[in-house]
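Chains as they are written, first to last, in our numbering: chain A, 1 to 267; chain B, 1 to 266.
Read the hints as simulated data drawn from the structure, not as lab findings. Keep in mind that the hints are not guaranteed to be accurate.
Result set (DSSO-like, lysine-lysine): computed pairs, CA atoms no more than 30 Å apart in a straight line [unchecked claim]:
hint, chain 1, residue 1, chain 2, residue 2
1, A, K165, B, K250
2, A, K15, A, K227
3, A, K165, B, K104
4, B, K188, A, K161
5, A, K165, B, K142
6, A, K227, B, K22
7, B, K194, B, K225
8, B, K34, B, K111
9, B, K142, B, K104
10, B, K121, B, K142
11, B, K34, B, K188
12, B, K121, A, K161
13, B, K195, B, K121
14, B, K34, B, K225
15, B, K225, B, K195
16, B, K142, B, K188
17, B, K22, A, K161
18, B, K194, A, K261
19, B, K111, B, K121
20, A, K165, B, K22
21, B, K121, A, K261
22, B, K111, B, K188
23, B, K142, A, K15
24, B, K104, B, K195
25, B, K142, A, K161
26, A, K261, B, K111
27, B, K195, A, K165
28, B, K111, A, K165
29, B, K142, A, K261
The structure presented is a predicted model; accordingly, all values stated were derived computationally and were not measured.
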Amino acid sequence: MSKRNSWLNRCLTPKTSLPAQVIWSASGLAWVLLIGLWASLSYGGVVPAMFLPTPGAVFDAAMRLARDGTLGPHVWASVEVVMVGFVISSVVAVPIGLMMGSFRVVQAFLEPLVNFIRYLPVTSFVPLFILWIGIGLEQRVSIIIFGVFFQQLVMIADVSKGISKDLINASYTLGSTRRDAVLHVIAPASLPGVLDTLRVTMGWAWTYLVVAELVAASSGLGYLSLKAMRGFQVDVIFLAIAVIGLLGLITDQLFRFLRLKVAAWAQ
Amino acid sequence: MTPVAATATPRLRVDNVTLQYKTPSGGTFTALDKVSFEVPDQQFAVLVGPSGCGKSSLLYLTAGLAEPTSGDIYVGGQQVDGPGADRGMVFQGYTLFPWLTVRKNIEFGLKRRGMPAAERKEIVEFYLNEVGLRRFADNYSKQLSGGMMQRVAIARALANDPQILLMDEPFGALDSQTRLQMQQLLLKVWEHSKKTVLFVTHDIDEAILLGDRIFVMGARPGRIKEVLDVPIGRPRNLDMVMDPEFIRMKRNIFHQLHDGPDDHAD
Numbered sequence: 001m002s003k004r005n006s007w008l009n010r011c012l013t014p015k016t017s018l019p020a021q022v023i024w025s026a027s028g029l030a031w032v033l034l035i036g037l038w039a040s041l042s043y044g045g046v047v048p049a050m051f052l053p054t055p056g057a058v059f060d061a062a063m064r065l066a067r068d069g070t071l072g073p074h075v076w077a078s079v080e081v082v083m084v085g086f087v088i089s090s091v092v093a094v095p096i097g098l099m100m101g102s103f104r105v106v107q108a109f110l111e112p113l114v115n116f117i118r119y120l121p122v123t124s125f126v127p128l129f130i131l132w133i134g135i136g137l138e139q140r141v142s143i144i145i146f147g148v149f150f151q152q153l154v155m156i157a158d159v160s161k162g163i164s165k166d167l168i169n170a171s172y173t174l175g176s177t178r179r180d181a182v183l184h185v186i187a188p189a190s191l192p193g194v195l196d197t198l199r200v201t202m203g204w205a206w207t208y209l210v211v212a213e214l215v216a217a218s219s220g221l222g223y224l225s226l227k228a229m230r231g232f233q234v235d236v237i238f239l240a241i242a243v244i245g246l247l248g249l250i251t252d253q254l255f256r257f258l259r260l261k262v263a264a265w266a267q
Numbered sequence: 001m002t003p004v005a006a007t008a009t010p011r012l013r014v015d016n017v018t019l020q021y022k023t024p025s026g027g028t029f030t031a032l033d034k035v036s037f038e039v040p041d042q043q044f045a046v047l048v049g050p051s052g053c054g055k056s057s058l059l060y061l062t063a064g065l066a067e068p069t070s071g072d073i074y075v076g077g078q079q080v081d082g083p084g085a086d087r088g089m090v091f092q093g094y095t096l097f098p099w100l101t102v103r104k105n106i107e108f109g110l111k112r113r114g115m116p117a118a119e120r121k122e123i124v125e126f127y128l129n130e131v132g133l134r135r136f137a138d139n140y141s142k143q144l145s146g147g148m149m150q151r152v153a154i155a156r157a158l159a160n161d162p163q164i165l166l167m168d169e170p171f172g173a174l175d176s177q178t179r180l181q182m183q184q185l186l187l188k189v190w191e192h193s194k195k196t197v198l199f200v201t202h203d204i205d206e207a208i209l210l211g212d213r214i215f216v217m218g219a220r221p222g223r224i225k226e227v228l229d230v231p232i233g234r235p236r237n238l239d240m241v242m243d244p245e246f247i248r249m250k251r252n253i254f255h256q257l258h259d260g261p262d263d264h265a266d
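Isolated chain A, as found in the complex:
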């Protein structure tokens, strides 16, 4: 066999495709290493159980909270807030972002303001939002919208700015009106980029959720974790983190799948 074809050699060559087994093995290996490190540190007694629970203890905590019915409502409370905040933000940000990237006047109107707000730390608004809105669902949803919306706006504007003028010109010579160009060229051409933006900002929505829940909430995974800290239940804190990670992974895969389905042409 020539050296060129060995899979080890291909692993070390930039931008080279690999067999599926190698890909899956590499992905699996990362998890095995992480959990292995965790297990050896905790079971081996290197780090006291008070700070680092064993994987078994976290699993037991999951079983315990699932059985007594507390885990489900907390998970749902978090998912609900993320979904409501993320959907409201996206529904407004996508069309305005597309306009911002397509119409120079909209860009001139919004861009300086958006870039100013975008750099304000979301966390610094938490006290203000609590003062204005209280500590209910609306407050947490507002934090997520505030954290995600302006980022989405800028990223989606960039997506639509990147659409070739030639495509729009071609549509004009085929009889498109300006409205047609927006609806039948700019919108479909932006779809893959918009889905990518939503996938990335979904991760940020989860981050801001936990920020909001840690400060003021009576349910949700962030709240569960805060309560566990007060009771020194480090296994429950780990459980909350693991569940958030898992939910993030699932939504990420959902977005990948969605992009594959509705924007197969751009793969």
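Guided by the hints, dock chain B onto chain A, whose structure is given.
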């Protein structure tokens, strides 16, 4: 020219068109200087010239995608004011809509017009056959070669049945073999449709092979230096590039382009 053809309204009339830009240094660049010409119905007209002579600008002005500084352009007696479906265009770059299949790309203009589905289907099938892409009707553009994409672009423009077809170096990005195939295909399609065409190229062979009339342009400022009628009959084929008349004409245009005062201006 018969007297009838001479008195009929030309399909395209470019009347004293000047196009000027402001340069970054504050000066004025004259891309086109008082250009006037006419293209009668069913003529294949070619603009040939060096880069910077404004030949592509003339197409964009005719398409209504840009506005002249002064002068007017008429298509079918109607003054050009903005782009429209009556002036189909094939661009130099690939401009297929990548989210649409070949079929839906060809259908795009018909759909904007609100044509019923059955009628659309008939026209799309006809042009799929014309450009030999029936087997690829349901493919997306990323699955097509450059030549195939330009064939779709031609079909898409013709499906709209425009008054005039504007072609901006449509084969400029293709390899020489594909280029010849595309020229042959365009000759065939043109024989069938006899559509009025304004074709831009810097390739002299292409200009003579395809055109009825050639406008040789010069740069700085962009203007028409010479109008030549191609003395070669139709239907045309690729072999004709070796005909004595063809070569004589090629030599003539070659000298027009390379020996002119432009060389000194450069």
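Evaluated hints:
With a C-alpha separation of about 35 Å, the suggested pair K165 of chain A and K250 of chain B falls outside the 30 Å cut-off, and the hint is violated. Simply put, K15 of chain A and K227 of chain A have alpha-carbon atoms about 47 Å apart, too far for the 30 Å limit, and the pair is violated. About 20 Å separates the Cα atoms of K165 of chain A and K104 of chain B, which keeps this hinted pair within 30 Å; it holds. For the hint linking K188 of chain B to K161 of chain A, the alpha-carbon distance of about 39 Å lies beyond 30 Å, and the restraint is violated.
Between the alpha carbons of K165 of chain A and K142 of chain B the distance comes to roughly 19 Å, so the proposed pair stays at or under 30 Å and holds. Of the supplied pair hints, the one linking K227 of chain A and K22 of chain B is violated, its CA atoms being roughly 68 Å apart against a limit of 30 Å. Restraint check: the Cα-Cα separation between K194 of chain B and K225 of chain B comes to about 27 Å, which is no more than 30 Å; the hinted pair holds. For the hint pairing K34 of chain B with K111 of chain B, the CA-to-CA distance comes to about 38 Å; that exceeds 30 Å, so the pair is violated.
Our distance criterion of 30 Å between C-alpha atoms is met by K142 of chain B and K104 of chain B, whose separation comes to about 14 Å. The hinted pair formed by K121 of chain B and K142 of chain B meets the criterion: a straight-line CA distance of about 23 Å does not exceed 30 Å. With a CA separation close to 35 Å, the supplied pair K34 of chain B and K188 of chain B exceeds the 30 Å bound. The hinted pair formed by K121 of chain B and K161 of chain A fails the criterion: a straight-line CA distance of about 34 Å is larger than 30 Å.
Taking the CA atoms of K195 of chain B and K121 of chain B, the gap is about 21 Å. The hint holds against a cut of 30 Å. Of the supplied pair hints, the one linking K34 of chain B and K225 of chain B holds, its CA atoms being roughly 12 Å apart against a limit of 30 Å. Between K225 of chain B and K195 of chain B the alpha-carbon distance is near 25 Å, which keeps this suggested pair within the 30 Å criterion. Taken as a hint, the K142 of chain B and K188 of chain B pair is honoured in the structure, with Cα atoms around 26 Å apart against an allowance of 30 Å.
Among the hinted pairs, K22 of chain B with K161 of chain A is consistent with the structure: their alpha-carbon atoms are about 25 Å apart, no more than 30 Å. Distance check on the hinted pair: K194 of chain B and K261 of chain A sit about 42 Å apart at the alpha-carbon level, beyond 30 Å; violated. Distance restraint check for K111 of chain B and K121 of chain B: the Cα-Cα separation of roughly 11 Å lies within the 30 Å cut-off, and the hinted pair is therefore satisfied. Simply put, K165 of chain A and K22 of chain B have alpha-carbon atoms about 21 Å apart, close enough for the 30 Å limit, and the pair holds.
Among the hinted pairs, K121 of chain B with K261 of chain A is consistent with the structure: their alpha-carbon atoms are about 26 Å apart, no more than 30 Å. The hinted pair formed by K111 of chain B and K188 of chain B meets the criterion: a straight-line CA distance of about 27 Å does not exceed 30 Å. Taking the CA atoms of K142 of chain B and K15 of chain A, the gap is near 20 Å; set against the 30 Å cutoff, the hint holds. Of the supplied pair hints, the one linking K104 of chain B and K195 of chain B holds, its CA atoms being roughly 23 Å apart against a limit of 30 Å.
Pair hint K142 of chain B plus K161 of chain A holds up; C-alpha atoms about 21 Å apart against a cutoff of 30 Å. A C-alpha spacing of about 24 Å is found between K261 of chain A and K111 of chain B, which places the hinted pair at or below 30 Å, so the restraint holds. At roughly 27 Å between alpha-carbon atoms, K195 of chain B and K165 of chain A fall within 30 Å of each other, so this suggested pair holds. For the hint linking K111 of chain B to K165 of chain A, the alpha-carbon distance of about 21 Å falls within 30 Å, and the restraint holds.
The suggested pairing of K142 of chain B with K261 of chain A holds, with an alpha-carbon distance near 16 Å, which does not exceed 30 Å.
Checked against the numbered hints listed earlier, the structure breaks hints 1, 2, 4, 6, 8, 11, 12 and 18; every other hint is satisfied.
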